[in-house]
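Trainee: Starting from the two chains in their separate frames, assemble the complex, guided by the hints.
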Amino acid sequence: MRDKLIWEQTESSFIQHYYQLFDKDRTQVGTIYIDASCLMWEGQQFQGKTAIVEKLSSLLFQKMKVDEDPITGFHQMSLMFLLKNISEAWVCTNDMFRLALLNFG
Amino acid sequence: VGDKPIWEQTGSSFIQHCYQLFDKDRTQLDAIYIDASCLTSEGQQFHGKAATVEKLSSLPFQKIQYSLTARDYQPMPHSCIISMVVDPIMGFHHMFLLKNTNDAWVCANDAFRLALHNFG
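Taken in sequence, the protein lines are chains A and B.
Per the UniProt record's numbering, numbering of the first sequence is gapless, rising by one per residue and ending at 105.
Per the UniProt record's numbering, numbering of the second sequence is gapless, rising by one per residue and ending at 120.
Since the hints were derived computationally from the structure, they do not count as laboratory data.
There's no promise every hint is true.
Below, a list of computed lysine-lysine pairs in the DSS-like style, where the Cα atoms sit at most 30 Å apart [unchecked claim]:
1) A:Lys49 with A:Lys24
2) B:Lys24 with B:Lys55
3) B:Lys4 with B:Lys55
4) A:Lys84 with A:Lys49
5) A:Lys49 with B:Lys99
6) B:Lys55 with A:Lys84
7) B:Lys4 with A:Lys84
8) A:Lys49 with B:Lys4
9) A:Lys24 with A:Lys84
10) B:Lys99 with A:Lys84
11) A:Lys55 with B:Lys4
12) B:Lys24 with B:Lys49
13) B:Lys99 with A:Lys55
14) B:Lys4 with B:Lys24
15) A:Lys24 with A:Lys55
16) B:Lys49 with B:Lys99
17) A:Lys55 with A:Lys84
18) B:Lys55 with B:Lys99
19) B:Lys4 with B:Lys99
20) A:Lys84 with B:Lys49
Taking beta-carbon pairs under 8 Å as the criterion, some of the chain A residues facing chain B (in silico) [claimed, not checked]:
21) Ile15
22) Cys38
23) Met40
24) Gly43
25) Ser78
26) Met80
27) Thr93
28) Asn94
29) Met96
30) Arg98
Listed next, with one range per pair, are the computed distances between beta-carbon atoms [unchecked claim]:
31) A:Leu99 with B:Gln45: 25 to 31 Å
32) A:Lys24 with B:His17: 28 to 34 Å
33) B:His17 with A:Gly48: 30 to 36 Å
From the three backbone atoms N, C-alpha and C, an ideal C-beta is built for every residue, glycine too.
With the rest of the complex left out, here is chain B (with noise of 0.2 Å):
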């Protein structure tokens, strides 16, 4: 079995995280993304590292089941790495673009869409 390449690598462990933050204690979530961030939440948008922080401490649910999404990771210049995250259970999609500023990863955009499931 090969290593994983290094974007993997990195993007994986930046989402775990990230998710440990957000089950955890939202209020850390202020170290993963910078002024420049924009958030996208259910077609919502949010600019900026105090709006974003704001509107993910607000969001209700609890727990994300990290282990049961689909991950997918690719590189991109500039020292980028693009996510998306995806959970079939939940029907949730996460794109996350990371960035490497002073040799930390930040979260520099950010886009969320909860897929609801009408059967009616």
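For reference, chain A alone in the conformation it holds in the complex (with noise of 0.2 Å):
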């Protein structure tokens, strides 16, 4: 099996980070963030540190996994970030999140 590449590695580590501020304690998700990130939710513009923080802290869902609807369907969830290594720490410069939610009744 080989080694992943270094891009993975960073990305991976970067992504288990994000995923344990966002489901412990969303107000440090501001370290991930810098003045000229953005976030596009659900097709909503959000510019800068402050938005995005405030943004993702006033999310209902507690964790990473959207509360099921027993009644219909099934969630499935796209998460693009694109991170950048600035004075050697990495941060997410842009972030886009859509949930798409498939009916089938």
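Mentor: Here it is, written out as structure tokens:
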């Protein structure tokens, strides 16, 4: 089994770190973003660290797992991060989230 | 209704053009990629224009229902645009990073996942 390529290693440890902050202490998610960061959440745009942290802190779901609707359907989530190395630290400059609700009713 | 931001207009027409080529004549995708382009398709990596176009040309499905997709665009430094296309019907996610080189837009990074739903 090959070693993960360096960018895969960076990306997977970043994402793991991100999800842990998201689940346990969302106020700390601010360390991941910079003032030039952009987030798109379900088509809405948020610009800058403050606005992004405010939006992420306001989200209702507790863990990176959406509450399941027992009536219909399955949920499909799409999350894209663009990471940049600034002064030897990795930050997220662009972030996009889409939740696709699939209804089979 | 306000005008859409320039990065959204550029990203949107680029992607529409790209999907049309994908549907009608995949050999022309050669113009979209550069030698530094990277494609990830279902977790497999391809580097460079030739490898990318070869992979895309070999994909079996014929058309993408572009009109049904959700599309997000963001501006990035150094004249780049990042786009994400999500299709809840076919279940695919497609990320493009577009770069302006010599007044032409090319795709520098491309990542694609088809989410197959298992209901068994």
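Trainee: Which numbered hints turn out to be false for this structure?
Mentor: Checked against the structure, the hints that fail are numbers 3, 21 and 32, while the rest are satisfied.
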